[in-house]
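Novice: Chain by chain, the residues run as shown.
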Amino acid sequence: MGLYSKTLYFLMGDRGLLLEFGDEISREINEKVRRMALAIQAETLEGIIETVPTYRSLLIVYNPTVLPIEGLKKRLELIEEGLRQTPLPQPNLIHIPVVYGGIYGPDLEGVAKYHQISPEEIIRLHCSKPYLIYMIGFMPGFPYMGELPEALITPRLKTPRLIVPKGSVAIAQRQTGIYSMESPGGWQLLGRTPVELFDPKKEPPALLQIGDLVQFYPVTEKEYENWSE
Amino acid sequence: MERVEAFEVLEPGILTTFQDLGRYGFSQFGVPPSGASDPFSLRVGNLLVGNGEEGACLEVTIRGLKIRALGELVIAITGGDLSPLLNGEPLEMWRTHLLVEGDVISFKKVQTGCRAYLAVSGGFIVPKIMGSSSTYLSGKFGGFEGRELRRGDILYTLDIQSSLDKLGLRFPSDWLPPWKKEEVLLRVIPGPQDHHFTEKGFQTFCSSSYQVTPQCDRMGVRLEGPKIERRSDVEESIISEGLISGGIQVPGDGKPIIILTELVTGGYTKIATIISTDLPKVAQLKPGDQVRFNPVSIEEAHLLLREQEERLIKFKENFQKR
Numbered sequence: 001m002g003l004y005s006k007t008l009y010f011l012m013g014d015r016g017l018l019l020e021f022g023d024e025i026s027r028e029i030n031e032k033v034r035r036m037a038l039a040i041q042a043e044t045l046e047g048i049i050e051t052v053p054t055y056r057s058l059l060i061v062y063n064p065t066v067l068p069i070e071g072l073k074k075r076l077e078l079i080e081e082g083l084r085q086t087p088l089p090q091p092n093l094i095h096i097p098v099v100y101g102g103i104y105g106p107d108l109e110g111v112a113k114y115h116q117i118s119p120e121e122i123i124r125l126h127c128s129k130p131y132l133i134y135m136i137g138f139m140p141g142f143p144y145m146g147e148l149p150e151a152l153i154t155p156r157l158k159t160p161r162l163i164v165p166k167g168s169v170a171i172a173q174r175q176t177g178i179y180s181m182e183s184p185g186g187w188q189l190l191g192r193t194p195v196e197l198f199d200p201k202k203e204p205p206a207l208l209q210i211g212d213l214v215q216f217y218p219v220t221e222k223e224y225e226n227w228s229e
Numbered sequence: 001m002e003r004v005e006a007f008e009v010l011e012p013g014i015l016t017t018f019q020d021l022g023r024y025g026f027s028q029f030g031v032p033p034s035g036a037s038d039p040f041s042l043r044v045g046n047l048l049v050g051n052g053e054e055g056a057c058l059e060v061t062i063r064g065l066k067i068r069a070l071g072e073l074v075i076a077i078t079g080g081d082l083s084p085l086l087n088g089e090p091l092e093m094w095r096t097h098l099l100v101e102g103d104v105i106s107f108k109k110v111q112t113g114c115r116a117y118l119a120v121s122g123g124f125i126v127p128k129i130m131g132s133s134s135t136y137l138s139g140k141f142g143g144f145e146g147r148e149l150r151r152g153d154i155l156y157t158l159d160i161q162s163s164l165d166k167l168g169l170r171f172p173s174d175w176l177p178p179w180k181k182e183e184v185l186l187r188v189i190p191g192p193q194d195h196h197f198t199e200k201g202f203q204t205f206c207s208s209s210y211q212v213t214p215q216c217d218r219m220g221v222r223l224e225g226p227k228i229e230r231r232s233d234v235e236e237s238i239i240s241e242g243l244i245s246g247g248i249q250v251p252g253d254g255k256p257i258i259i260l261t262e263l264v265t266g267g268y269t270k271i272a273t274i275i276s277t278d279l280p281k282v283a284q285l286k287p288g289d290q291v292r293f294n295p296v297s298i299e300e301a302h303l304l305l306r307e308q309e310e311r312l313i314k315f316k317e318n319f320q321k322r
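Chains as they are written, first to last, in the numbering used here: chain G, 1 to 229; chain H, 1 to 322.
Hint data in this document are derived by calculation from the structure and do not stem from the laboratory. All C-beta atoms, glycine included, are put in the ideal place defined by N, C-alpha and C. Honestly, I wouldn't trust all of these hints.
[To be verified] Okay, the calculated beta carbon distance ranges per label pair:
| id | chain 1 | residue 1 | chain 2 | residue 2 | range |
| --- | --- | --- | --- | --- | --- |
| 1 | H | Val234 | G | Thr65 | 51 to 59 Å |
| 2 | G | Thr65 | H | Gly131 | 18 to 26 Å |
| 3 | G | Pro160 | H | Val234 | 43 to 51 Å |
| 4 | H | Pro214 | G | Pro160 | 14 to 22 Å |
| 5 | H | Lys227 | G | Gln90 | 45 to 53 Å |
| 6 | G | Glu31 | H | Arg150 | 45 to 53 Å |
My request is simple: use the sequences and hints to build the entire structure.
Specialist: Right, here's the structure in full:
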């Protein structure tokens with residue numbers, strides 16, 4: 001089905017409105033999410049507390065005592081009608097160094113076996129093109145990126161790890177991501193980056209943003225250990 | 001105004017953090033709001049001691065916090081009844097108290113609820129990160145160095161002179177949310193994925209009693225009870241989307257989990273969302289408590305919210321007349 005001809009509105013309680021633009025992970029749908037988020041931010045509507053852009057939907061958190069829901073819906077419909085005029089900013093291309101395999105990427109060998117190709121080929125494929133950041137979520141600064149080359153599509157681990165080290169570069173299904181903080185997690189770990197993805201004291205706090213592009217490149221263990229930004 | 005020492009932490013208790021009304025506007029970077037699990041009690045606490053309602057308070061969990069006043073202070077304790085004591089004697093909640101240097105406040109045990117809020121006149125001085133003083137525990141930032149309080153921590157406030165004239169101010173008890181019930185009734189608005197469940201499943205959700213499990217923290221409250229039946233033609237997970245506190249996720253095992261303020265996105269289906277005025281009741285749940293869900297319309301939810309806000313405005317006005 002892809003992009004809906006008519007955006008679906010779902011209530012998320014009495015102060016959340018979820019706008020759903022499509023039923024799959026696709027660039028077209030995600031572009032509409034980003035365009036809509038930008039257009040709403042540009043309007044600076046009083047009573048909007050937060051907008052949460054994700055793969056195919058946009059959550060709007062509002063204060064119903066300031067902004068009644070009927071008024072909010074009408075404004076959103078108007079904004080959507082004028083959406084074609086909202087340009088998306090030129091995406092930043094960020095290069096991310098990764099030390100692949102070994103203790104840094106404990107699943108590299110397993111993923112290679114799963115696809116019956118060499119670990120070197122997995123690394124080459126993972127670094128073969130820039131990935132679009134569809135959303136930042138799960139934890140501060142964690143980018144959900146895609147799409148992986150067909151030959152890299154791998155299921156999640158059957159049993160998630162209790163601890164995934166900070167900086168781990170991982171894949172799951174068609175997506176690739178980076179654990180910006182230590183956490184539990186079920187994605188397959190290919191390597192690790194020394195780059196700091198999130199700093200609460202920086203403005204903005206996250207290095208990567210929705211709509212940006214990420215290009216991975218391999219570095220040696222020594223380069224990783226001696227990395228300075 | 002100068003910063004002065006307010007309290008020394010003698011015992012941190014099970015979990016004590018600084019919270020305010022939360023950190024909004026940063027979810028696009030994956031940052032959840034955090035903030036008081038029970039925002040109503042935090043707001044009332046602040047109003048009682050003459051602060052702006054959004055200021056940072058201590059969120060005290062279950063029991064064990066013991067702090068010593070390091071000067072003359074006006075405080076109020078709101079939220080769940082954790083048997084607050086002043087120098088070992090019971091201390092009335094939902095009103096202001098004057099403390100003198102050396103006074104010890106402690107929280108003995110749970111009577112009702114799970115989380116209490118301690119507000120101090122002048123407000124706690126806590127650095128703001130992304131516009132908020134709230135502690136985000138799993139992100140390790142905000143509040144007191146991004147962590148829960150420890151023994152020996154010194155907490156600061158502003159040295160303000162006008163605080164004594166607020167003494168004796170009480171919050172009307174009939175305006176408080178009811179917490180003492182055997183079974184907590186939580187009103188919900190169905191969706192956004194109520195259509196992923198069978199009619200029978202939705203009936204199970206609305207007609208059953210669920211028990212709070214020990215997996216109950218600032219991220220969420222996991223419940224045990226009858227399994228909620230899902231439609232066989234939809235997938236168990238959805239494409240990740242934004243979360244809001246009060247959302248009720250139903251993962252593959254069919255047992256509901258109520259989301260609180262420390263999560264930002266997720267890929268589980270949500271059968272319903274708890275209305276804003278019932279969120280304090282969720283914050284006051286603890287393992288073993290029973291809950292039941294009752295669907296209401298958005299109009300009713302908004303009416304209840306307006307009534308609550310009007311009561312708070314009225315309380316503020318009465319206060320300012322004094």
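Novice: Now look at each hint and say whether the structure bears it out.
Specialist: Each hint, compared with the structure:
1. Our hint of 51 to 59 Å for Val234 (chain H) and Thr65 (chain G) is violated, since their Cβ atoms are close to 35 Å apart.
2. Hint check: Thr65 (chain G) to Gly131 (chain H), Cβ distance near 21 Å, so the stated range 18 to 26 Å holds.
3. Between Pro160 (chain G) and Val234 (chain H) the CB atoms are about 23 Å apart, so this pair departs from the stated range of 43 to 51 Å.
4. Between Pro214 (chain H) and Pro160 (chain G) the beta carbon distance is about 20 Å. The supplied range of 14 to 22 Å therefore holds.
5. Range check, Lys227 (chain H) to Gln90 (chain G): about 50 Å between beta-carbon atoms, so the 45 to 53 Å window is met.
6. Taken as a hint, the range 45 to 53 Å holds for the pair Glu31 (chain G) and Arg150 (chain H), whose Cβ atoms sit roughly 47 Å apart.
Against the hints set out earlier in the document, violations occur for numbers 1 and 3.
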